[in-house]
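S.K.: If you read the protein sequences in the order shown, they are chains A and B.
At position 128 of the first sequence (counting the first as 1) the number is 128 in the numbering used here, and the numbers step up by one without a gap.
At position 348 of the second sequence (counting the first as 1) the number is 348 in the numbering used here, and the numbers step up by one without a gap.
For the record, the hints were derived by calculation from the structure and aren't laboratory data.
Quick reminder that beta carbons are idealized off the backbone N, C-alpha and C, glycines included.
Take these hints with a grain of salt, some might be off.
To spell it out: a stretch of chain B is covered by chain A in this simulated footprint if at least three of its residues, at any positions, have a beta carbon under 8 Å from a beta carbon of chain A; those stretches are [said to hold, decoys possible]: (1) 9 to 17; (2) 246 to 253; (3) 341 to 355.
Pairs of lysine to aspartate or glutamate residues, derived as EDC-like cross-links and limited to a Cα-Cα distance of at most 16 Å, are as follows [said to hold, decoys possible]: (4) K350/B / E240/A; (5) K326/A / D203/A; (6) K127/A / D173/A; (7) K326/A / E239/A; (8) K78/A / D173/A; (9) K326/A / E158/B.
Partial pick of chain B residues on the chain A-facing surface, computed with a CB cut under 8 Å [said to hold, decoys possible]: (10) I83; (11) V161; (12) M162; (13) I171; (14) S182; (15) S243; (16) L263; (17) P270; (18) V272; (19) V312; (20) S369; (21) T400.
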Amino acid sequence: MSTLAPVMQPAPKHAQARVPTDWTTASMQGRIRRRYRAERNFRMLGAGAVLLSTAFLVFLLVSMLSQGLRGFTQTELKLPMDFPAARLGIDPVALRGPDARAILAAADLENATAQAANRAYGPAGYKLLSDGAWLSIRSAIQEDPTILTRRADIWVPTSTAIDLAAKTDGDADAEAGFRMLDARQAVRTGFSMAFLTGADSTDPTIVGIWGALKGSLLTMFVTLILAFPVGVLSALYLEEYAPRNRWTDLIEVSINNLAAVPSIIFGLLGLAVFLNFLDFPRSAPIVGGLTLALMTMPVIVIAGRNAIKSVPPSIRDAALGIGASKVQVVFHHVLPLALPGILTGTIIGMARALGETAPLLMIGMRAFIASPPGGLADPATVLPVQIFLWSDEVSRGYVEKTSAAIIVLLVFLLAMNGIAIYLRNRFERRW
Amino acid sequence: MSSTLFLLLVAGLAFIGWVTARARAGRFTGTGVNRPHSLPNYHGWYVALWALAPALLFLAVWGYVSPGLIDAAVTATPQSAAIRLDPVDLTNEVRALATGALTTPFHPDVVPLVPVFQQVQHHYDMIGGVVALLLAFAGGAFAYTRVKPDFRARTRVERLVMAALLGASLIAVLTTLGIVLSLLFESVRFFARVSPMQFLFGTLWSPQTGDSGTFGAVPLFWGTIFIGAIIAMIVAIPLGLMSAIYLTQYAKPSTRRWMKPILEVLAGVPTVVYGYFAALTVAPAIRDFAAFVGIPGASSESALAAGLVMGVMIIPFVSSMADDSIAAVPQAMRDGSLAMGATTSETIRKVLVPAALPGVVGGVLLAVSRAIGETMIVVMAAGLAANLTANPFSSVTTVTTQIVQLLTGDQEFDSAKTLAAFALGLVLFIVTLLLNIVALRVVKKYREAYE
Chain A
1 MSTLAPVMQP
11 APKHAQARVP
21 TDWTTASMQG
31 RIRRRYRAER
41 NFRMLGAGAV
51 LLSTAFLVFL
61 LVSMLSQGLR
71 GFTQTELKLP
81 MDFPAARLGI
91 DPVALRGPDA
101 RAILAAADLE
111 NATAQAANRA
121 YGPAGYKLLS
131 DGAWLSIRSA
141 IQEDPTILTR
151 RADIWVPTST
161 AIDLAAKTDG
171 DADAEAGFRM
181 LDARQAVRTG
191 FSMAFLTGAD
201 STDPTIVGIW
211 GALKGSLLTM
221 FVTLILAFPV
231 GVLSALYLEE
241 YAPRNRWTDL
251 IEVSINNLAA
261 VPSIIFGLLG
271 LAVFLNFLDF
281 PRSAPIVGGL
291 TLALMTMPVI
301 VIAGRNAIKS
311 VPPSIRDAAL
321 GIGASKVQVV
331 FHHVLPLALP
341 GILTGTIIGM
351 ARALGETAPL
361 LMIGMRAFIA
371 SPPGGLADPA
381 TVLPVQIFLW
391 SDEVSRGYVE
401 KTSAAIIVLL
411 VFLLAMNGIA
421 IYLRNRFERR
431 W
Chain B
1 MSSTLFLLLV
11 AGLAFIGWVT
21 ARARAGRFTG
31 TGVNRPHSLP
41 NYHGWYVALW
51 ALAPALLFLA
61 VWGYVSPGLI
71 DAAVTATPQS
81 AAIRLDPVDL
91 TNEVRALATG
101 ALTTPFHPDV
111 VPLVPVFQQV
121 QHHYDMIGGV
131 VALLLAFAGG
141 AFAYTRVKPD
151 FRARTRVERL
161 VMAALLGASL
171 IAVLTTLGIV
181 LSLLFESVRF
191 FARVSPMQFL
201 FGTLWSPQTG
211 DSGTFGAVPL
221 FWGTIFIGAI
231 IAMIVAIPLG
241 LMSAIYLTQY
251 AKPSTRRWMK
261 PILEVLAGVP
271 TVVYGYFAAL
281 TVAPAIRDFA
291 AFVGIPGASS
301 ESALAAGLVM
311 GVMIIPFVSS
321 MADDSIAAVP
331 QAMRDGSLAM
341 GATTSETIRK
351 VLVPAALPGV
361 VGGVLLAVSR
371 AIGETMIVVM
381 AAGLAANLTA
391 NPFSSVTTVT
401 TQIVQLLTGD
411 QEFDSAKTLA
421 AFALGLVLFI
431 VTLLLNIVAL
441 RVVKKYREAY
451 E
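Just chain B, with the same shape it has in the complex:
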């Protein structure tokens, strides 16, 4: 509570600094060469930032350091020396009791320490708050003394703005780095227990709790490719391509104007909804169909159900990529073909599609990368059995399904089972990255060809 109060006080000081500095700068007069360098606003911001930044920085550091100091102070009291308990457990329990996270103590003899803890905590909070206030005041006062007509407040403030801009854009780099490092770090620990050869080329997948279990990921890779790159694409490529062709070449502009957003809605439906639909409606229908036709090994968690629904989800993606690349084919090529007497469909099939093919292929690669990274549809509709089969009616499992499976439920973070999820994640990350790079290169090269 008191930390919020101090934060408000610091903010209040900064505001006062802003107002007074602005008012002071507003009274600067002078024309021509003696004109003040910066507008009053910038002087205000300069002072406010000097009041805010050091104090907030200190409070952040203090928030990180003070729990350790409090713990040390509590364990140093004579009351705690009498309790036979590990100091770390002791302070943790007292902290939990004091904050109300724990209502009944495990050790009744720590209860007298709670008021001691609260007192020490209050003491340190006060120290931190007062120092922050002093820092805010000192910073503000220092900046206020610099408010003069020829002081370049604007330049200083703008330099900070630029630093903030650069910092914001570095977050993307940090995130990428974080992904790569966390995946690599955990994967290295995994590969210390399971050989990479066994992982990448083994055909038996049966993770067990603890360190036993076999981690041959080939059935997972096959399942992912089967569902995401084969079945889903068999649905998405013809439907997406034909939709794009119809909407760009045949449909009236008015039809196109409202048909295109409807197709886009398909991409906006959350994947968990598709997953539910696949599991509840599509999968039973496919199983009944397979049983009716007499196909052996039909499962209610068939690869076909997950793949079909995933294909539908990908349609707008393929369609909009195809749309873009067909639109990029020069009009002269189309006109030339039509002038030779070819019908519209002949022009499309013999001229437009071949010319747009690289773009379409790039789009399909992007769609594949999207499909193999898709999680919820396969978690809900595909199975868990790691089968190496080409029968679309039987159950296969995918990389993403297994990641979810391995990381939910009880977690002991050091077992090969949980670490395997990170190794799978690393493979998924690398494959999608490569697909994206290749796809973007294909699209880019093709665009250059017509420019």
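This is chain A alone, in the form it adopts within the complex:
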């Protein structure tokens, strides 16, 4: 090379004067150091960006956990109830009968509960109790009507202030009240089943998430049975049968656009079409499910098409070669092979729908619903909307309940994504 170079390419004049770079000089060494430092800095910058993003995630999760775990617990106090003295006027025998509910509704349990608290813990004793404390008394009576003939100690939820005093720090009054109760060993804080089995309430000490969770499950059920078949069939059509023409292009463009439309627009569609035009019931899981199905369907179609595309053509050729019809090729061979991929995409789409709030606000699923929905047409709310509603509440007691509901939601999402990853790793084949 060195001998040929002058012949092929006459060197420019100044090159004659050029001396080989002396890498040992201070200026060259400095230049290299600077470049290496820039390299290190850039690398640190990249690592910093990743770490910062991760740190944010960790911070988010830790702050939710630290507040939310307290939300699963509830402080209770021991309330000595002297039922014969309270003169509730309930006949224990009648409670075995069919009118038990009406009899209990007629009795003034609220007053009796407050009186019992005043007797036990001083004139302001009723302030220590949750507004829903009498509900515990009622369920205790329902469980064992004979309790009405004697005295009994019943654990009832405390007020938000006492609850906060027991868990972290309340105001001075509540702290004093808590110390008094603690000294009498009449207070305990423990895991509260009521939070997992109850529904929304105006009192943070007796709220539960089962109502919202059941609403979410019903909504997801509707979404799944509508979006999955439609999504899979569309994906099959577009990938396997659709002729290349303007109509197919139109379908493809619509699906790709729908996947990018903001979710709140689907809420507007649901409001205009399902509620105002078709007159479906407001706040019902069926309307929520329909709206979310329209939103989830494009996700399933796109995931489904990718899964179907990855099935090698040789499978189709072999099936066609031994005489299968085009429908048989797809339903007997391509679909089963693509199913794990489709299911993974479906679960991810469903997880997104489960966390979706905005469209459901539009169709009225933000109403206050105090009992779990019984069916698809009953008024209901869903978990994310419940979180939104609780986050708007003024009472401090809702803060930990909101975080607890978020933990439940995240657990569900994590489980769904875990299943999706498991399916992908276990069943998806690479050709």
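Once you've looked at the hints, dock chain B against the given chain A.
M.R.: Same frame as chain A, now just chain B:
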């Protein structure tokens, strides 16, 4: 109750048809040219579908028609003629009482009509059910007579399958059409009351109940751009791009394998959780910081809080788009740069990023479209005051926040206030659509350049 029973009976008939037709076709023998055309299964499905489809179609139509017939029959009875009440109100109340939706009647004199209503309803349910059963039987029997060795049952069944496939894919088109039409229809009604010029260029936004109120949406547009396209992108672009660069160019494959899913988790967290976090933790911290530094006009619903959290939510989105476009840069370009003696960071900054720029820009546009359509974070963390300000510590409002605000609470569906939400929705829809189209075009063009 009886309708469920009839549905089960129809399904039962279809099942019997499936079994018998399958059994009959199974006995077909013949080889060579006389070989039966379709497998027994297809004959079974053919008969079952003939039993199911007409009956179900009839039941659907009947379910739509029969309430009107029942109402007419109830109002025609002599008992109802005696009640001085609008026939529509009357039947509605009787229906509510009969189904148990209403426990105490508004008008006590309609109570005797309840048993009449139930009787008429039972009568019509029976008619519908029996006709459906007859249809199912007739359809099944007709199809059963056609089960012969040379009958092309498979072709018929497959034709229906194809129709179902096409129908399923048309639902996407219908949805798009539904979105466009419902938004357009309501927006046209809105623009009949408020001039489009005032809406698009007015700077005062104060919707009131009824038809009064000013609908100048410029502060909303500005708030949306400020939070979604400026603050959020200032967070998301550097962090997302640098994360993508680090994970693709520097990180060991093992690190990358578990760091990437962790970043993806950020995109999987529901937006309501981000909103709660922004409102409860980030916003107060930013307000305290602003007060500490002495910035005037600091609000507890600052644009900065919503924008920062939204930026974090967008990071994985920008990161994965950047990842894709950097991976699409030909290896030869990278190798060439490294061979010239450039360090890795010089290669990335001077070769890879410029080459991948169109893809990155496309990804950023998609991210912006995602950010401006995002609702819950801004509803929970940004304010409602329609300010036209560039101070990130003050409160601004966005299009999506206002849509939620306008459509919740008491709704009279014909007021300019509720219709304004649809006009805002239309603007949002058009803008996100345009952003997506431009972004996809940029990405596509760039991909072609290297192929």
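S.K.: Of all the hints numbered above, which does this structure not satisfy? Sort the numbers upward.
M.R.: 1, 4, 5, 8 and 10
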